[in-house]
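Colleague: Listed here are the chains, written in short residue letters.
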Amino acid sequence: MKTWSLLAVAASAGLVASVALAEPRRDAILADLREQAKKEDPRFAGFSAERGATLYRATHQGKDGPISCSTCHGSTPLGNGQTRLGKAIDPMAVSKNPARYTDSANVEKWFKRNCTEVLGRGCTATEKGDFITFMSGQ
Amino acid sequence: MMRAAIAAFLLTTTSLALAGGDELVPPVADPVVKKECGSCHMAFPPQFLPRRSWQKLVDGLASHFGEDASLPEAQRAAVLRYHLEHAADAPGAGRAASKFAASIPAGETPLRITETPRWVREHRKIKPERWKSPEVKSRLNCVACHKDAERGSWDD
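Read top to bottom, the protein sequences are chains F and Y. Residues in the first sequence are numbered from 1037 upward in steps of one, following the numbering used here. Residues in the second sequence are numbered from 5 upward in steps of one, following the numbering used here.
Chain F with its partners taken away, still in its complex shape:
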């Protein structure tokens, strides 16, 4: 009985914490990327929302024709996107979707897949940080 109620308290505390911690988890992801960016480029001087916006819109030659991040994520990150198979994607802007960029495994998984698809290579830590910085201000 005691164990159960303790468990229940622990579980609900965990729930509250995970909501309240949404920001710190994104900050931690950005802090990790900042460390990596410094290693990749000694001249690294911080992330840029403007470069993130350019990355979001820039069109590249993909294997099935021109493609950009906005092809799937929508012309503005404030709105819904759509995959090539027609499935809706929730907005990328943090203001519209506060859960974005808070699960580092998920963030890494999609950067890997989508950067490879759009750029034909993985994104650098700087590009990833720029992208999240852009979306955090949207």
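Careful: at least some of the hints might be erroneous.
Computed far set for chain Y versus chain F, every beta-carbon distance over 10 angstroms [claimed, not checked]:
1. P31
2. K38
3. A66
4. R116
Across the chosen pairs, the derived CB separations fall in these ranges [claimed, not checked]:
5. F/A1067 to Y/E112: 48 to 56 angstroms
6. F/S1131 to Y/E154: 33 to 41 angstroms
7. F/R1079 to Y/R56: 51 to 59 angstroms
8. F/A1094 to Y/T118: 30 to 38 angstroms
9. Y/E139 to F/G1156: 26 to 34 angstroms
10. F/A1124 to Y/P76: 57 to 65 angstroms
11. F/P1060 to Y/F69: 32 to 40 angstroms
12. F/T1095 to Y/E154: 27 to 35 angstroms
13. Y/Q79 to F/R1093: 25 to 33 angstroms
14. Y/S107 to F/S1131: 46 to 54 angstroms
15. F/S1111 to Y/G96: 44 to 52 angstroms
16. Y/P132 to F/A1067: 50 to 58 angstroms
Treat the hints as calculated values from the structure; they're not laboratory data. For every residue, glycine included, the Cβ atom is placed at its ideal position computed from N, Cα and C.
Add chain Y to chain F, keeping to what the hints say.
Modeller: Just chain Y now, with coordinates in the frame of chain F:
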């Protein structure tokens, strides 16, 4: 008397509708499957392909219709397990599932639901332009027309 007749009529029609409602397929319930299979397309019900097809699809995720959809081992195993348990030819998978299973020749291992004989038959009257319209976009966008598919109803 009249009322009883109406009630009886309603009863038989509704139960007929229920009996005819073999297009009910339970929606995917597993959170891992929903997330890992349902990001790029709807998480298709495992009931639409036999076990041998799912085995081959999951084995081939690194090159999934031209895309790298590979999964970490834990998720891969969970996804495979769920699909094998609920496949068209899994024991107890239900009527709609058995119809899919029965439509597929024993020697064939289709990888596309849209190439199974049952799918082709059910969609034979759809005009080609319909598939290309912006709100449909692809044959894999089931919910564009089957509005309640994610709740398990494929009747419309």
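Colleague: Where does the structure disagree with the numbered hints, that is, which hint numbers, in rising order?
Modeller: 6, 10
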